[in-house]
Amino acid sequence: MATTGDAGPADLPALGVDVGGTKVAGGVVAPDGTVLATARRSTPTASVAETETAVADVVTELAGAHGGPLAAVGVGAAGWFDRSGDVVLFSPHLAWRHSSLRRDLVARLQRTVWVGNDADAAAWAEYRFGAARGAELALCVTLGTGIGGGIVAGGRLQRGAHGVAGEWGHMRVVPDGRLCPCGNRGCWEQYASGSALATTAREVATRSPAAAARLLDRVDGDAGRLTGEDVARAAAEGDPVALSLVSDVGEWLGQGIADLATVLDPDVVVIGGGVSVLGEMVLRPARERLDRALPGRGFRPGPRVVAAALGAQAGLVGAADLARAAACTERRG
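Sequence positions in the sequence shown follow the working numbering and run 1020 to 1352.
Where hints are given, some of them may not hold.
[What the hints assert, rightly or not] With a straight-line cut-off of 25 Å between C-alpha atoms, the simulated SDA-like cross-links for lysine to any residue are: (1) LYS1042 / GLY1173; (2) LYS1042 / LEU1156; (3) LYS1042 / GLU1080; (4) LYS1042 / LEU1128; (5) LYS1042 / ALA1126; (6) LYS1042 / GLU1071; (7) LYS1042 / ALA1082; (8) LYS1042 / ALA1056.
[As the list claims (entries may be wrong)] Derived CB-CB ranges, DEER-like: (9) PRO1259 / GLY1083: 29 to 35 Å; (10) VAL1238 / PRO1063: 22 to 28 Å; (11) ASN1203 / ALA1172: 23 to 29 Å; (12) ALA1229 / PRO1314: 38 to 44 Å; (13) GLY1315 / ASP1030: 43 to 49 Å; (14) ARG1351 / THR1072: 20 to 26 Å; (15) GLY1298 / ASP1241: 25 to 31 Å; (16) ALA1068 / ASP1101: 34 to 40 Å; (17) ARG1350 / VAL1238: 50 to 56 Å; (18) MET1190 / GLN1129: 53 to 59 Å; (19) THR1225 / THR1072: 34 to 40 Å.
Hints were generated in silico from the structure; no laboratory data involved. Where is the CB? At the ideal position from N, CA and C, for every residue including glycine.
Between the sequences and the hints, there should be enough to build the whole structure, so can you do that?
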């Protein structure tokens, strides 16, 4: 394992890596949550071995550039982990199927490694350093390629009896709706995510090309090439069709939050992930829908809905902090 010198793990920077559907992003993270350096690679989604190589390459680059001792390596990945946190049971958007990720990375990196769900890591970061500090019960909803989630209650990350709590992107909100990579139809992430934004834009542009002319101009008239980023940029420029599409995602987001609040009653819901850069364009309709859909509205408080304070770095910051805690536990043991 890596040598930490005279300082204990709690006092050392740690490496955090966030593995998503499109990129592997890493950072050297100080104990106060400050990101000292970053690196990234594209995610090779079709191959377990190539994905692990991309993670190892990011770690090697950052460790070499840092040059000093590091507490541990934390990897937050878009997948469902078992209760131990060692095995990726399934990833809707990546190649992992019952993959021994932590064991493989320990063997390759020869360092203390923590692995877990990327949205869990982001939720922990927001609780420790960001928009959920001090919350009794905080939920994190990450809007990216899909929807991830994390729960922090009573100062502890809650992973559920089998390790897969917080996968609310796969709540079914539309019976027999759009087919989801998880195998079901009508999942929440098919209507309130970056992929959903792109899918709806393509449908609208194909059905009503005149109305979507400004969007189609961005892709030389090929509706199939429209992405969520195209819609976001058009919305920021005031395109009414794009603004309507973003608002629709916000409406779906708010409905899902109302459903979560019915079951869990959080004091804050933190919205992170790539789609959260749309800010109030998506958060305002989400809050408005939440106010209309919350059961018992008018007689009970609902949760605050806020943007993530740590932005795209939340996952790697949380992974690093959880890895540092794991190293401290290992040292005491």
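Under the constraints set out in the numbered hints, which ones does this structure not fulfil? 1, 2, 9, 14, 16, 18
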